[in-house]
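I would like the entire structure built from these sequences, with the hints used as guidance.
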Amino acid sequence: MGRQQKCNPRRLSKLALTGWFLGLGSLTGCRAEPPPGAKAEPGSVHLEVDSQGDTRRLSAAEAARPLPRTPAKEAKSDAEHLKQSPSAAEPAREDEAVTPSEPPRGASPRVAERRPSPPDPEERAAVVPAGFSLGQDPAEQAQPSVPPLLDAQGELLPQTEDLPGTDSAFFKQIGPTLFKAIVDNNPELMLPYFMPVPVYEKLKDSKNPPRDWKYRLFAQLKRDIERYHRLLGKQRERARFVALDVVPEDALWMKPGREYNKLPYYRLFGSSLRYVDFRGRERRFEVSALFSWRGEWYVVHLNGLK
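To get our numbering, take the position in the sequence shown, counting from 1, and add 1.
Calculated directly from the structure, the hints in this document are not laboratory data.
Among the hints, erroneous ones may be present.
Quick list of the computed label-pair ranges, beta carbon to beta carbon [claimed, not checked]:
#, residue 1, residue 2, range
1, 306, 199, 16 to 24 Å
2, 162, 209, 27 to 35 Å
3, 209, 284, 34 to 42 Å
4, 278, 155, 40 to 48 Å
In the DSSO-like style, the derived pairs of lysine-lysine whose C-alpha atoms are separated by at most 30 Å in a straight line are [as the list claims (entries may be wrong)]:
#, residue 1, residue 2
5, 235, 181
6, 205, 235
7, 223, 307
8, 181, 205
Computed from a predicted structure; not experimentally measured.
The beta carbon of each residue, even a glycine, is placed where N, CA and C say it ideally should be.
Structure (structure tokens):
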């Protein structure tokens with residue numbers, strides 16, 4: 002009889018374990034396929050899903066669906082953040098001054114924070130337009146106060162022996178208007194303050210007083226205004242009227258028959274129109290002759306008597 006060999010239990014267990022793994026691998030690697038020509042039908046597949054501690058079985062269709070998501074926590078509102086964050090920015094109170102942040106070193110300050118440079122004294126000085134009288138109401142300059150010359154029947158009102166002064170509204174308009182007429186080279190502006198035609202017709206002892214008034218008296222006024230206009234230069238718009246200087250006490254009462262006149266009047270020589278040119282220098286224009294009618298002064302000659 003041959004020698005009987007004893008089986009080692011450890012060896013047997015290793016062999017059994019190896020065979021078990023080989024069998025499991027063959028089962029995992031093999032896949033059942035349908036015979037040729039047969040239509041493959043999907044079989045039911047069951048999966049075990051652990052959802053919140055519950056175990057249940059799902060079909061393939063149910064498994065393909067997305068799992069429900071756990072809702073996220075709601076974002077905290079701005080009010081809750083402000084409550085939880087004591088260091089959050091709070092709006093400045095009305096009674097608290099807001100201190101502007103300082104710019105970093107080396108950075109130029111903002112333009113808005115720079116202090117404006119002081120204005121130029123020449124720019125700060127008031128510029129009075131030509132023809133405007135300082136101290137006179139603008140309403141009076143816009144609407145000349147011309148005294149009446151004729152009565153209700155159209156007849157010339159009689160002359161008076163009143164010596165004109167310099168305080169009436171009518172006189173205060175003569176100087177600014179004359180200066181504006183010179184600046185604008187517009188003698189027609191002086192018509193309300195120049196020798197009136199109705200007065201000249203009764204006053205002058207000549208064959209045709211209206212013609213003499215037009216071609217001699219008023220023509221001389223136009224010539225003198227144009228001459229003064231040129232003397233002001235190109236910067237005439239920057240010149241300013243100062244005053245019409247007259248001395249009423251120097252006036253003479255002219256009786257009828259003198260200077261070829263039929264009516265009496267006061268005559269005043271040597272007045273002047275004072276102004277400041279564009280360089281700030283005070284200058285004067287001659288106003289050769291004024292005459293009076295019913296207590297008011299009127300211009301007759303500007304530059305000379307002709």
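Would you say the C-beta atoms of residue 278 and residue 155 sit inside 40 to 48 Å of each other?
-> holds, 45 Å
Is 16 to 24 Å right for how far apart the beta carbons of residue 306 and residue 199 are?
-> At 23 Å between Cβs, range holds.
Mind checking the hinted window 27 to 35 Å against the Cβ distance between residue 162 and residue 209?
-> holds, 29 Å
Pair hint residue 205 and residue 235, alpha-carbon separation not exceeding 30 Å = Given pair residue 205, residue 235 is violated - Cα atoms ~39 Å apart, limit 30 Å.
Hint check for residue 284 and residue 209 - Cβ pair distance inside 34 to 42 Å = holds, 38 Å
Going straight from one Cα to the other, do residue 235 and residue 181 come out at no more than 30 Å?
-> holds, 15 Å
Take a quick look at whether residue 181 and residue 205 sit within 30 Å of each other, Cα to Cα.
-> Holds. Residue 181 to residue 205 sits at ~29 Å (cutoff 30 Å).
Are residue 223 and residue 307 close enough, with their CA atoms no more than 30 Å apart?
-> holds, 13 Å
Hint violations for this structure: number 6 only, all remaining hints satisfied.
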